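K.L.:
Counting in the numbering used here, the sequence shown runs from 55 upward without gaps.
Some clues are possibly wrong.
Label pairs and their in silico Cβ distance ranges [stated by the list, open to error]: (1) Ser172 x Val666: 53 to 61 Å; (2) Asp382 x Leu523: 49 to 57 Å; (3) Asp261 x Lys442: 19 to 27 Å.
No farther apart than 20 Å at their CA atoms in a straight line, the calculated lysine to any residue pairs in the SDA-like style are these [claimed, not checked]: (4) Lys240 x Met198; (5) Lys480 x Phe433; (6) Lys247 x Pro338; (7) Lys153 x Glu99; (8) Lys388 x Lys371; (9) Lys179 x Glu162; (10) Lys848 x Ile705; (11) Lys489 x Phe433; (12) Lys276 x Ile304; (13) Lys240 x Arg314; (14) Lys299 x Asn376; (15) Lys182 x Met198; (16) Lys389 x Leu357; (17) Lys299 x Lys371; (18) Lys299 x Lys370; (19) Lys498 x Leu450; (20) Lys412 x Ile304.
Don't read these hints as lab results, they were simulated from the structure.
Every value quoted in this text rests on a predicted model; they were computed, and no experiment measured them.
In this text, a Cβ means the ideal position worked out from N, Cα and C, and glycines have one as well.
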Amino acid sequence: MVRVLKPGICHLVGLLVLGPLALAQAPQRNTIQHIEIRGNRRIPEDTIRFYIQAHDGDAFDPARLELDLRALYKANFFETISIEERDGDTGKIVTFVVKEKPLIRSIEYPGAKSFTESNILDHFKQRKVGLTVDSQYDPAKIRMAERALKELLNLNGKPLGTVHTEIENIPPSSVRVRFVIDEGPKVRIGQIKFVGDKVFHDGELKDGLKLTKERGLMTIFKGTDKYHREKLEADIEMNLKQFYKEHGYIQVQIGDPLTRIFEGSRGFIPMFRKTKQQFYVEIPIDAGDQYRISGLKVVDSKLFKPEALERAFGLKKGDVANFKKIKDALEQIKKLYGNYGYINMSYLPEQNFDEQKKTMDLTFRIVEDRQFFVNQINFTGNTKTRDKVMRREFLLEEGKVFSSVLLDQSILRLNQLGFFERIEEKDYNAKPDDKTGTVDVGVKVKERSQQSIGLTGGVSGISGSFLGLNYTTNNFRGRGESFEFSVTGGTRTTDLIVSFTEPYLFDTRTSMGLSVFNQRYRFDTFSTFGFTSVVSGQPLELFTQRTTGSTLTLSRPLRYSFWRLGASYTYQRIGIGRIAEGFQSFALNQLIGFAPGGNPNAALKGIIRSEVTPMLSYNSTNHFFNPTRGSSLNLSVSVSGGILGGDFSMIRPSIEFRHFIPDKWLSHRRNTVGFRFLGQYIQAYGAVQEQGGTRRPSTIPFFDRFFIGGETTIRGFDIRSISPMGISFTPHFDSAGNPEIDLNTGLPRIDKNLVPVGGDTLGIVNAEYRIPIAGPLSVAAFYDIGITRVSRPKSLGGFGASTLQLIGPTNSTVRGSTGAEIQFLLPVISAPFRLIFAFNPQVFDGFITLGTSPLHFREPRRDIKFTIGRSF
Numbered sequence: 055m056v057r058v059l060k061p062g063i064c065h066l067v068g069l070l071v072l073g074p075l076a077l078a079q080a081p082q083r084n085t086i087q088h089i090e091i092r093g094n095r096r097i098p099e100d101t102i103r104f105y106i107q108a109h110d111g112d113a114f115d116p117a118r119l120e121l122d123l124r125a126l127y128k129a130n131f132f133e134t135i136s137i138e139e140r141d142g143d144t145g146k147i148v149t150f151v152v153k154e155k156p157l158i159r160s161i162e163y164p165g166a167k168s169f170t171e172s173n174i175l176d177h178f179k180q181r182k183v184g185l186t187v188d189s190q191y192d193p194a195k196i197r198m199a200e201r202a203l204k205e206l207l208n209l210n211g212k213p214l215g216t217v218h219t220e221i222e223n224i225p226p227s228s229v230r231v232r233f234v235i236d237e238g239p240k241v242r243i244g245q246i247k248f249v250g251d252k253v254f255h256d257g258e259l260k261d262g263l264k265l266t267k268e269r270g271l272m273t274i275f276k277g278t279d280k281y282h283r284e285k286l287e288a289d290i291e292m293n294l295k296q297f298y299k300e301h302g303y304i305q306v307q308i309g310d311p312l313t314r315i316f317e318g319s320r321g322f323i324p325m326f327r328k329t330k331q332q333f334y335v336e337i338p339i340d341a342g343d344q345y346r347i348s349g350l351k352v353v354d355s356k357l358f359k360p361e362a363l364e365r366a367f368g369l370k371k372g373d374v375a376n377f378k379k380i381k382d383a384l385e386q387i388k389k390l391y392g393n394y395g396y397i398n399m400s401y402l403p404e405q406n407f408d409e410q411k412k413t414m415d416l417t418f419r420i421v422e423d424r425q426f427f428v429n430q431i432n433f434t435g436n437t438k439t440r441d442k443v444m445r446r447e448f449l450l451e452e453g454k455v456f457s458s459v460l461l462d463q464s465i466l467r468l469n470q471l472g473f474f475e476r477i478e479e480k481d482y483n484a485k486p487d488d489k490t491g492t493v494d495v496g497v498k499v500k501e502r503s504q505q506s507i508g509l510t511g512g513v514s515g516i517s518g519s520f521l522g523l524n525y526t527t528n529n530f531r532g533r534g535e536s537f538e539f540s541v542t543g544g545t546r547t548t549d550l551i552v553s554f555t556e557p558y559l560f561d562t563r564t565s566m567g568l569s570v571f572n573q574r575y576r577f578d579t580f581s582t583f584g585f586t587s588v589v590s591g592q593p594l595e596l597f598t599q600r601t602t603g604s605t606l607t608l609s610r611p612l613r614y615s616f617w618r619l620g621a622s623y624t625y626q627r628i629g630i631g632r633i634a635e636g637f638q639s640f641a642l643n644q645l646i647g648f649a650p651g652g653n654p655n656a657a658l659k660g661i662i663r664s665e666v667t668p669m670l671s672y673n674s675t676n677h678f679f680n681p682t683r684g685s686s687l688n689l690s691v692s693v694s695g696g697i698l699g700g701d702f703s704m705i706r707p708s709i710e711f712r713h714f715i716p717d718k719w720l721s722h723r724r725n726t727v728g729f730r731f732l733g734q735y736i737q738a739y740g741a742v743q744e745q746g747g748t749r750r751p752s753t754i755p756f757f758d759r760f761f762i763g764g765e766t767t768i769r770g771f772d773i774r775s776i777s778p779m780g781i782s783f784t785p786h787f788d789s790a791g792n793p794e795i796d797l798n799t800g801l802p803r804i805d806k807n808l809v810p811v812g813g814d815t816l817g818i819v820n821a822e823y824r825i826p827i828a829g830p831l832s833v834a835a836f837y838d839i840g841i842t843r844v845s846r847p848k849s850l851g852g853f854g855a856s857t858l859q860l861i862g863p864t865n866s867t868v869r870g871s872t873g874a875e876i877q878f879l880l881p882v883i884s885a886p887f888r889l890i891f892a893f894n895p896q897v898f899d900g901f902i903t904l905g906t907s908p909l910h911f912r913e914p915r916r917d918i919k920f921t922i923g924r925s926f
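Between the sequences and the hints, there should be enough to build the whole structure, so can you do that?
P.N.:
What follows is the structure, encoded as structure tokens:
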């Protein structure tokens, strides 16, 4: 005879069938002869037996078999389970008959348009749905997935959308799951109404909501006009109530928001508005009474004077009770204590209300607790970088007082090294031990590639077409030193550079850098483009400069701060060649003053620059290669010539300021706003001796003057295309030194040439909005504006017979460029490849008279270029 147990009735059957049956059996039949498993296909028999506690030879116990059946059912492997028993030769033969749950072979989401399958899987993971391909079919998980999909529809402004599930059997034991989605119309918040409030206007209260807004132009991009109940409730709790408490309404009561869908017009242009479904949100509010401060005290503070802590609140008797100010002050006080090791500092607030006068008296009782010290600082993940290299960047020291501020600054200093991937807040921790009063600090890093050998090539506005070989290590042998060797050859540049930096010279806080270089640079100008008389559009080669020399730099941080003080010394030999015919008279007119005896050939072969540059810098940016927050400031004054020797004497002050902030308005800090200001000025000093012994004031050589334009200054203009223009007048002399006469006019023969002269003053402002897309890919919107001008026309003077007339309109025009660029980070050189699309709203467009011929000077309005390297 066969008896069967099935899930759902197993308890009853076990008692009524197997129980009496067991009592009726003979003693030799009260044992289990054998346990069989039947019906399993994928689940191994050993796995099933793991959940069965009964074994062959055990006493036949229906209650125990019932427990085994329940254990198997809870394992969630099977759709149905039953137990059959029959008589054997020596006892009972028990058979567990199972029917496995089908496997899900595929999951489909037809009709999903507002979100991708990746978005769905991420939301499933967040909601812990646990529904995946090749998992077992579970109706409970299907219901959870339907709810999660409905949430996604709500989050995407589709609250009327529906989700229903279709299950298709695939023999022998699989199913296909299809979540059929009908998104329905997009329903945005059309109106928010506040009921019961008599204190503030609706506009003020709408501003108090930060996550929920009525439909408008900006909300389309921010997504704040999509209704989601949980988000609205959080917005009310965190922001709207906070708004009331900032104005002293500390007992404000806000009821549950009421919503309904109504038909209303939608659109920004009246003629094109359409009637669509929208959400109406009504929020009931009872503001209550406004309270003011009758007194505010801080007591039991031993480390700081209570009066000093009270001043942090910025509140006095009679002021409105602003809870935001109170909250911010308490956070600052806690941070202040944490900076001195009191990381468990707490406070006990005491509030006394006067309901008649509507005032409140506040007392904050400080509980300082004990001071904590640093026990251990441990680094993990640094397989190549030596512990010493990381530890010397840490402002915290083992055995010293723990400071939360110094910990944050230490992490910032590690990020500035550029040796590691960005160290986020999740990568470091401070674990206090209340028993010993110590803190263990742990930092986990992921090292970047220390060295690279690369072959680079491409086209750049600065370098032209180029091909180069480079070897770089930014963490040489894990010691923190950097070494670079590069050789680059191209149509416009040839570079050979060897440099070495030791950040901690002789284990001191002094940094030393040494570079040796040999460079050729062809200075082109694109200023002829747009002339009605010259339409080739090809770059005009002005001159070629060859520079050989070296630079030694020493710097040292100012105590434990982000400021550094340093100085560099540069010695160069500069040779000039291939001077364009129209530029030659202007160039030689200056160069002869820098050569002994006024010999132009000697000047062309090489003049000496001997220069020292004191500098002061500040850097709080959070990453070496790709900062997203922080500032940097570089101040320097380069002085050449004079007591330093060399062939010319100049002074060149420079200031560069960069600032980066995460965008918290549109992208919740995902994107970055970057800003840079660059200002420079150059002036000659002293005098040079001409032939015959006369002395004339020194001038600024043309190759040191400021030409702007290109991917690092103003992106929509070609490299060095922006410059004040001048007319060079060059008289002709015969072999005896007498002026040649023009037979047509009877006047001395004088050549007139239009030349770009370069400025002595430079100002550039760059702004960027950087948007990371995925991995190394990002895009950036930009606006660049700048000017280079001649502030001291006398600085254009030369030493020969030529004279120069500055063209005023070219000296005062501000240029501007805006557009977007696509950036792809190249891992070998840690610099992005950039494709730039620019439009130039501010250009020079006018006529220049050269002799009797007016020339139309028109700078281009649009430009597309690509390059390698960063803007700032």
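K.L.:
Could you run down the list of hints and mark each one as holding or not?
P.N.:
Verification of the hints:
Separation of Ser172 from Val666 is about 57 Å and conforms to the stated range, judged on CB atoms against 53 to 61 Å. For the pair Asp382 and Leu523, the beta carbons lie near 55 Å from each other, so the given range of 49 to 57 Å is met. Distance hint for Asp261 and Lys442: a CB-CB separation of about 53 Å, inconsistent with the stated range 19 to 27 Å. Proposed proximity of Lys240 and Met198 is contradicted: the alpha carbons are some 24 Å apart, above 20 Å.
For the given pair, Lys480 sits about 14 Å from Phe433 by alpha-carbon distance, which is consistent with the 20 Å threshold. With a C-alpha separation of about 9 Å, the suggested pairing of Lys247 with Pro338 holds against the 20 Å cut-off. For the suggested pair Lys153 and Glu99, the alpha carbons sit about 13 Å apart, so the restraint of at most 20 Å is met. As the CA atoms of Lys388 and Lys371 are separated by approximately 24 Å, the hinted pair breaks the 20 Å bound.
Among the hinted pairs, Lys179 with Glu162 is consistent with the structure: their alpha-carbon atoms are about 17 Å apart, no more than 20 Å. Straight-line distance between C-alpha atoms of Lys848 and Ile705 comes to about 16 Å, which keeps the hinted pair within the 20 Å bound. A threshold of 20 Å between alpha carbons decides the hint, and for Lys489 with Phe433 the separation of about 24 Å lies outside it, so the pair is violated. In summary, the hint linking Lys276 to Ile304 is not supported, as the alpha carbons are separated by about 30 Å, beyond the 20 Å threshold.
Proximity of Lys240 to Arg314 is assessed by CA-CA distance (about 14 Å); at most 20 Å being required, the pair is judged to hold. Between Lys299 and Asn376 the CA atoms are separated by roughly 6 Å; this keeps the pair inside 20 Å, and the hint holds. For the given pair, Lys182 sits about 9 Å from Met198 by alpha-carbon distance, which is consistent with the 20 Å threshold. Distance restraint check for Lys389 and Leu357: the Cα-Cα separation of roughly 13 Å lies within the 20 Å cut-off, and the hinted pair is therefore satisfied.
Restraint check for Lys299 and Lys371: satisfied, since their Cα atoms lie roughly 17 Å apart, inside the 20 Å limit. For the hint pairing Lys299 with Lys370, the CA-to-CA distance comes to about 17 Å; that is within 20 Å, so the pair holds. Pair hint Lys498 plus Leu450 holds up; C-alpha atoms about 16 Å apart against a cutoff of 20 Å. A hinted pair counts as satisfied when its Cα atoms are at most 20 Å apart, and Lys412 with Ile304 qualifies at roughly 11 Å.
Violated hints, in rising order: 3, 4, 8, 11, 12; the structure is consistent with all others.
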